[in-house]
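*Asks:* Given the coordinates of chain A, assemble chain B onto it according to the supplied hints.
As a plain string of letters, each chain reads:
Protein chains: 2
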Amino acid sequence: MNSFEISRLRTKSAAEVRALIRTGELDAPTAGMADGFVQANLAIIPKEFAADFLAFCKANPKPCPLLGVSEPGDPALPAVAKDLDIRTDVCGYKIFKDGVAVERVSDISRVWRGDLVTFALGCSFSFEHALIDAGLPVRHIDCGCNVPMYKTGIATTPRGRFAGPLVVSMRPFKPADAIRAICLSDRMPLAHGAPVHFGDPAGIGIRDIAQPEYGDAVPIEDGEVPVFWACGVTPQAVLEKAGLPFAIAHDPGHMLITDIRNAEIMGVAAG
Amino acid sequence: MNSFEISRLRTKSAAEVRALIRTGELDAPTAGMADGFVQANLAIIPKEFAADFLAFCKANPKPCPLLGVSEPGDPALPAVAKDLDIRTDVCGYKIFKDGVAVERVSDISRVWRGDLVTFALGCSFSFEHALIDAGLPVRHIDCGCNVPMYKTGIATTPRGRFAGPLVVSMRPFKPADAIRAICLSDRMPLAHGAPVHFGDPAGIGIRDIAQPEYGDAVPIEDGEVPVFWACGVTPQAVLEKAGLPFAIAHDPGHMLITDIRNAEIMGVAAG
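If you read the protein sequences in the order shown, they are chains A and B.
Here the first sequence stands for residues 0 to 270, numbered as in numbering that gives the first Met the number 0.
Here the second sequence stands for residues 0 to 270, numbered as in numbering that gives the first Met the number 0.
Just chain A, with the same shape it has in the complex (with noise of 0.2 Å):
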């Protein structure tokens, strides 16, 4: 599918796309896609493993807000979407073994296992999708890059086995456009809600906003301050550290597009 053809994937229903990705014809970043409906980060981990990782979710709703948990073993997940079959509708995922990631796939049927658990979280497409309906600069998607994303200082609320630094992403704004950035988010803690710092990276010890860990770093303007969110990329580095000896995560900006609708998550917890 070529990028024209990629750009016409705006104004499909999320099953139309999901329906392209099981079928292999589409495998690209889901920005951008099926415009009005939630993705998704995704987990998925062995049983045994199941009821920490939710209670993890449960202890840190900022990043990890919980959209939906399936059954172990069922590759369903009626929550977040009709007919899904997790094994084929994401159009790529990372195998982790021990904590590692060793495998990029575009299908994960091969490795699929009774046991597992699929957990689906909320992403910031959705109150990003809110802030450029409201007309704010989101500066990474104007530079046409990944948002850059930090680890901080931070410590997540650790539950069994999970623990770590809860990872940050960034987007700068002139302190007027910061505050309405900062009330939209907050309509939707299923996306990760309202920031959770702003101004001086050290405050919550980012050591070099140049230098993002993860993502690309972007330019923060004279007069402008960097905000920060609890990102999604949180539960990822929790499932890295916690070394499981199996679990999968989507692969970074190739999210699970739901049916559940933008609107639908305003002013709903998490947790």
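In case anyone wonders, no lab produced these hints; they're calculated from the structure.
Just so we're clear, the structure is a prediction, and the values are computed from it rather than from any experiment.
The beta carbon of each residue, even a glycine, is placed where N, CA and C say it ideally should be.
Certain hints may be false.
[To be verified] The following label-pair restraints were derived from C-beta to C-beta distances:
1. A:Gly152 - B:Glu212: 54 to 64 Å
2. A:Glu220 - B:Ser108: 52 to 62 Å
3. A:Gly270 - B:Asp199: 32 to 42 Å
4. B:Asp199 - A:Pro71: 36 to 46 Å
5. A:Ala14 - B:Asp207: 27 to 37 Å
6. B:Ala78 - A:Gly202: 40 to 50 Å
7. A:Pro71 - B:Cys142: 53 to 63 Å
8. B:Pro218 - A:Pro77: 30 to 40 Å
9. B:Pro218 - A:Pro136: 44 to 54 Å
10. B:Gly222 - A:Ile131: 27 to 37 Å
11. A:Gly222 - B:Gly222: 15 to 25 Å
[Unchecked claim] Computed, partial: chain B to chain A, Cβ under 7 Å:
12. Leu25
13. Ala27
14. Ala175
15. Ile181
16. Asp185
17. Pro194
18. His196
19. Phe197
20. Gly198
21. Pro200
*Replies:* Chain B alone, transformed into the frame defined by chain A:
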């Protein structure tokens, strides 16, 4: 009434406190009285200017969130309080002639006229109540002084002869607390809503943060940022500038205590 007796007014209803004011037993700043009830800024002006002033409030809902407007000559205002007599039920009034405050009185019965229209406008006490409820420190309250207020370089939207700079109030917070304060106040548009600015005072044309035009300067600690909200002194400054032959406002800090509950204005739009 001594300070001990005044402190006991926190748990009284709005109607009980207004009754004490009406009989002349109470003349004191009303912050903290009738806990949970909305307090209001007051502007009382001749009918010939009322349509323009109403238009001004609607064009500037952040500094002038409209709670209620009376019929000309009617000292009642059932939209905000039952059995209200606006001539006696506020403990301090300022009388303006040609835009100049000429007298401070505790009763305006003797200057009342059949053409006077009362405007009740929301006040920051409601969102400060929410901040304190949420455990956030509010500096000027902790310091036992008035909130610092500043004239800005931001122009209000003019209507008729009503125009002038936005006046803001300032409360310093650490960034994470500032984010919570922004989100909490955003839920109360009728109490000025979310801030208009944070950080560099020069960004909104404030010359010297240590020299507020109204109220008292407060310390800003290391790691804190000043956060600026649209302020209910704006309409009073606008009234002065408009130079109406006759107008009445409340004595700042001596507010109209309404029967509206803070909870009732949560999420209610202004303007």
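*Asks:* Name the hints, by number, that the structure is in violation of.
*Replies:* 1, 4, 5, 8, 9, 12, 13, 21
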